[in-house]
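Colleague: Sequence:
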Amino acid sequence: MSTSRKRREALVYHAKPRPGKIEVVPTKKHASQRDLGLAYSPGVAEPCKEIEKDVQNAYKYTNKGNLVAVISNGTAVLGLGDIGAEASKPVMEGKALLFKIFADIDVFDIEVDTKNIDAFIETVKNIAPTFGGINLEDIKAPEAFEIEERLKAELPIPVMHDDQHGTAIISAAALLNALELADKKIDEVKIVVSGAGSAAIACTKLYVLLGVKKENILMFDSQGIIDKSRDDLSTKQIEFATTRKIKDLDEAIENADVFLGLSVGGVLKAEMLKKMAPNPIVFAMANPDPEIDYDLALETRKDVIMATGRTDFPNQVNNVLGFPYIFRGALDVRATQINEEMKMAAVKALARLAKEPVPEQVNIAYAETRLNFGRDYIIPKPFDPRLIAEVPPAVAKAAMDSGVAQTPIEDWEAYKEDLLERMGSEDKITRLLINRAKQDPKRIVYAEADHLDVLKAAQQVYDEKIATPILLGRRDVILELMREIEFEGEDIIIIDPKSDEEQKQRHEYAEALWKKRSRKGVTLYDAKKLIRERNYFAAMMVENGDADAMLSGYSRAYPAVLKPILELIGKEKGVTNVAATNLMNSKRGPIFISDTSININPDSTVLAKIAQMTAKTVKMFGIDPVIAMASYSNFGSSSNPNASKVKEAVEYLHKNYPEIAVDGELQIDFALNKKMRMDKFPFSKLNGKKVNTLIYPNLDSANSTYKLMKELNSAGSIGPILMGLNKPAHVFQLGASVDEMVNMSAVAVVDAQQKSKRKA
Numbered sequence: 001m002s003t004s005r006k007r008r009e010a011l012v013y014h015a016k017p018r019p020g021k022i023e024v025v026p027t028k029k030h031a032s033q034r035d036l037g038l039a040y041s042p043g044v045a046e047p048c049k050e051i052e053k054d055v056q057n058a059y060k061y062t063n064k065g066n067l068v069a070v071i072s073n074g075t076a077v078l079g080l081g082d083i084g085a086e087a088s089k090p091v092m093e094g095k096a097l098l099f100k101i102f103a104d105i106d107v108f109d110i111e112v113d114t115k116n117i118d119a120f121i122e123t124v125k126n127i128a129p130t131f132g133g134i135n136l137e138d139i140k141a142p143e144a145f146e147i148e149e150r151l152k153a154e155l156p157i158p159v160m161h162d163d164q165h166g167t168a169i170i171s172a173a174a175l176l177n178a179l180e181l182a183d184k185k186i187d188e189v190k191i192v193v194s195g196a197g198s199a200a201i202a203c204t205k206l207y208v209l210l211g212v213k214k215e216n217i218l219m220f221d222s223q224g225i226i227d228k229s230r231d232d233l234s235t236k237q238i239e240f241a242t243t244r245k246i247k248d249l250d251e252a253i254e255n256a257d258v259f260l261g262l263s264v265g266g267v268l269k270a271e272m273l274k275k276m277a278p279n280p281i282v283f284a285m286a287n288p289d290p291e292i293d294y295d296l297a298l299e300t301r302k303d304v305i306m307a308t309g310r311t312d313f314p315n316q317v318n319n320v321l322g323f324p325y326i327f328r329g330a331l332d333v334r335a336t337q338i339n340e341e342m343k344m345a346a347v348k349a350l351a352r353l354a355k356e357p358v359p360e361q362v363n364i365a366y367a368e369t370r371l372n373f374g375r376d377y378i379i380p381k382p383f384d385p386r387l388i389a390e391v392p393p394a395v396a397k398a399a400m401d402s403g404v405a406q407t408p409i410e411d412w413e414a415y416k417e418d419l420l421e422r423m424g425s426e427d428k429i430t431r432l433l434i435n436r437a438k439q440d441p442k443r444i445v446y447a448e449a450d451h452l453d454v455l456k457a458a459q460q461v462y463d464e465k466i467a468t469p470i471l472l473g474r475r476d477v478i479l480e481l482m483r484e485i486e487f488e489g490e491d492i493i494i495i496d497p498k499s500d501e502e503q504k505q506r507h508e509y510a511e512a513l514w515k516k517r518s519r520k521g522v523t524l525y526d527a528k529k530l531i532r533e534r535n536y537f538a539a540m541m542v543e544n545g546d547a548d549a550m551l552s553g554y555s556r557a558y559p560a561v562l563k564p565i566l567e568l569i570g571k572e573k574g575v576t577n578v579a580a581t582n583l584m585n586s587k588r589g590p591i592f593i594s595d596t597s598i599n600i601n602p603d604s605t606v607l608a609k610i611a612q613m614t615a616k617t618v619k620m621f622g623i624d625p626v627i628a629m630a631s632y633s634n635f636g637s638s639s640n641p642n643a644s645k646v647k648e649a650v651e652y653l654h655k656n657y658p659e660i661a662v663d664g665e666l667q668i669d670f671a672l673n674k675k676m677r678m679d680k681f682p683f684s685k686l687n688g689k690k691v692n693t694l695i696y697p698n699l700d701s702a703n704s705t706y707k708l709m710k711e712l713n714s715a716g717s718i719g720p721i722l723m724g725l726n727k728p729a730h731v732f733q734l735g736a737s738v739d740e741m742v743n744m745s746a747v748a749v750v751d752a753q754q755k756s757k758r759k760a
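Using the UniProt record's numbering, the first residue of the sequence shown is number 1, and each one after it goes up by one.
Hints were generated in silico from the structure; no laboratory data involved.
Every residue, glycine too, gets a C-beta built ideally from N, C-alpha and C.
Wrong hints could be hidden among the right ones.
Computed cross-link-like contacts, SDA-like style, restricted to lysine to any residue with a CA-CA straight-line distance of at most 25 Å [stated by the list, open to error]:
hint, residue 1, residue 2
1, 100, 119
2, 587, 30
3, 707, 25
4, 571, 519
5, 397, 56
6, 274, 246
7, 152, 65
The following label-pair restraints were derived from C-beta to C-beta distances [what the hints assert, rightly or not]:
hint, residue 1, residue 2, range
8, 214, 83, 32 to 40 Å
9, 311, 407, 33 to 41 Å
10, 683, 407, 32 to 40 Å
11, 287, 238, 49 to 57 Å
12, 142, 52, 38 to 46 Å
Could you put together the complete structure from these sequences and hints?
Modeller: Structural data, given as structure tokens:
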């Protein structure tokens with residue numbers, strides 16, 4: 001991707017459809033005059049008076065308990081340096097977004113336009129009553145140390161400078177596990193630290209708390225070793241100054257057990273790595289270029305245990321593993337601070353989690369057969385759904401044990417369940433899906449590539465390495481549109497099925513089509529005519545192995561696109577009816593709805609088969625299916641054939657597929673409301689489970705439900721996902737958005753991955 005296009009895409013992303021990345025959303029009813037009278041005058045006076053009596057009531061009557069301020073003065077922003085308060089706002093909004101999507105914490109980003117320490121601290125103290133916690137961000141050292149220390153001492157709410165402590169907490173967890181694998185004792189290891197900024201100092205201090213001896217640490221900055229003879233050191237650096245006479249990094253690294261890099265790329269040479277002790281531990285966390293290239297490190301030392309800050313290598317030290325969950329735990333017990341005990345609890349929770357069996361959802365997301373604790377897996381993955389249920393409780397308990405919690409938790413199981421429920425509102429499943437597709441990209445043929453939005457989707461898929469696009473359509477139109485949007489790529493294939501250049505290919509495909517359909521009334525002449533149509537051409541590419549999957553339907557009616565797919569690709573062995581499901585990213589989590597596109601009024605046998613295929617598709621996303629068979633009646637309350645067929649389908653599934661969690665027939669409110677279901681139908685096989693899949697008795701109800709959810713609740717939709725085909729082919733919704741087409745591209749890739757594995 002060209003630099004100019006990257007720049008333009010980043011600017012458009014932040015500017016449209018509305019500027020910025022976050023918004024304030026009401027959490028109470030506001031439809032009537034009565035609601036407004038309660039929200040503001042005169043009703044608002046009552047909570048004001050209660051808070052006046054006791055300020056702790058602010059947690060009861062306002063959003064304070066779930067509100068964090070992300071505060072910066074823009075003096076040390078990412079790789080941009082001192083760019084000023086206002087220029088730092090996009091970064092702070094980005095941090096706010098991460099808080100929300102990973103831990104359901106609301107954030108106001110606040111940019112303070114001063115470099116004066118006293119003025120900055122005074123500003124934060126003056127606004128602190130609004131918030132339950134303060135996350136300091138991108139403030140340069142050494143000022144960051146004083147600002148954090150003073151605010152921690154002077155404010156009664158949690159304060160943390162994530163740039164310092166986030167990396168420290170995650171890397172400390174990695175260090176504990178790496179030492180275990182290397183069979184080394186923490187109080188004996190020798191550590192060399194490249195970098196002496198706030199993150200390096202915080203990491204080293206935390207390592208000392210874990211048991212590393214200060215005399216076994218050698219720290220370097222750009223001027224050389226941090227030793228007692230230097231007069232340019234900060235008070236924080238002096239704490240790690242050595243009296244040993246060490247010439248340079250090359251000398252220091254000899255027989256070292258651990259290298260911690262928070263400096264610049266390339267400072268650790270292969271020759272230096274060779275000098276380290278057996279089973280060396282290397283945390284090369286400079287971004288984008290680590291202190292030593294990952295592949296070079298593994299070539300140099302087969303026994304190295306390595307972590308970086310990059311997503312494309314194992315053991316990524318990613319702050320998102322820490323700060324959202326640490327604040328979540330601190331807020332939930334109204335902690336007065338984030339102390340060392342709470343940080344240590346987060347460290348140990350992360351280290352412990354990496355040793356536990358990994359959920360299939362995580363294996364799928366990272367295209368692993370089975371992630372296991374070892375050299376390539378010493379810390380959890382950012383997409384691990386267990387983080388929200390493991391780290392906050394550990395932090396909350398440490399806050400309670402250390403005496404800084406104001407509202408202790410009594411029911412830990414209920415708390416964990418609440419944490420998991422919080423994560424239903426975001427589209428983590430989409431990120432998992434795209435991440436999994438990128439592990440093993442496939443060739444996707446886009447049958448309508450001369451439409452601008454389809455081409456934009458193909459461009460995004462190509463740039464993000466989700467798939468290799470094959471573009472079908474008029475070559476001149478596609479090339480012109482590609483120039484317009486700066487879509488470049490040497491390996492992009494463009495095919496015009498009607499062009500002279502494709503005459504030989506058309507002839508081969510027509511012969512194959514004729515052989516397939518000759519006993520269905522198709523003549524060779526018909527086949528030659530049909531193969532000029534893009535959807536027939538695309539379907540034949542997939543059938544012939546010239547592409548791994550196809551996508552179409554942006555500009556044409558669903559039946560017209562589906563017909564060539566069914567005729568040429570056909571059904572999987574044992575499948576009687578192809579069906580479709582839609583994945584809805586709802587506030588309560590992902591919900592699959594079937595059949596949304598194909599079977600108009602299926603009988604009980606077909607309904608049961610649709611449930612089976614949907615269960616398989618749900619598992620493809622790494623989710624255990626919990627299926628409710630929907631109806632207007634509950635468990636035989638109606639003898640109407642429309643209800644009876646659902647009951648019969650459930651009986652068939654219970655008898656022949658007892659391993660599938662399915663029950664019905666059920667009305668939708670009982671299906672989705674666990675308490676209602678348990679109270680009214682305690683015998684249901686779904687009790688204690690959260691339904692994530694709905695099988696509807698007919699196309700009318702399924703199609704209407706998913707479109708209603710999409711429009712009224714702004715629930716993101718992925719689909720329709722075709723189920724039961726012999727090879728991967730999927731159909732866009734008419735006029736689908738670019739994002740929807742990108743998501744469907746990821747589905748097509750994952751489908752191709754799965755089908756390839758089954759055939760292998």
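Colleague: Each of the hints needs a verdict: does it hold here or not?
Modeller: Against the structure, the hints:
{"no.": "1", "hint": "100 to 119", "result": "29 Å, violated"}
{"no.": "2", "hint": "587 to 30", "result": "20 Å, holds"}
{"no.": "3", "hint": "707 to 25", "result": "23 Å, holds"}
{"no.": "4", "hint": "571 to 519", "result": "17 Å, holds"}
{"no.": "5", "hint": "397 to 56", "result": "21 Å, holds"}
{"no.": "6", "hint": "274 to 246", "result": "19 Å, holds"}
{"no.": "7", "hint": "152 to 65", "result": "18 Å, holds"}
{"no.": "8", "hint": "214 to 83: 32 to 40 Å", "result": "35 Å, holds"}
{"no.": "9", "hint": "311 to 407: 33 to 41 Å", "result": "37 Å, holds"}
{"no.": "10", "hint": "683 to 407: 32 to 40 Å", "result": "38 Å, holds"}
{"no.": "11", "hint": "287 to 238: 49 to 57 Å", "result": "28 Å, violated"}
{"no.": "12", "hint": "142 to 52: 38 to 46 Å", "result": "40 Å, holds"}
Hint compliance for this structure: hints 1, 11 are not met, and every other hint is.
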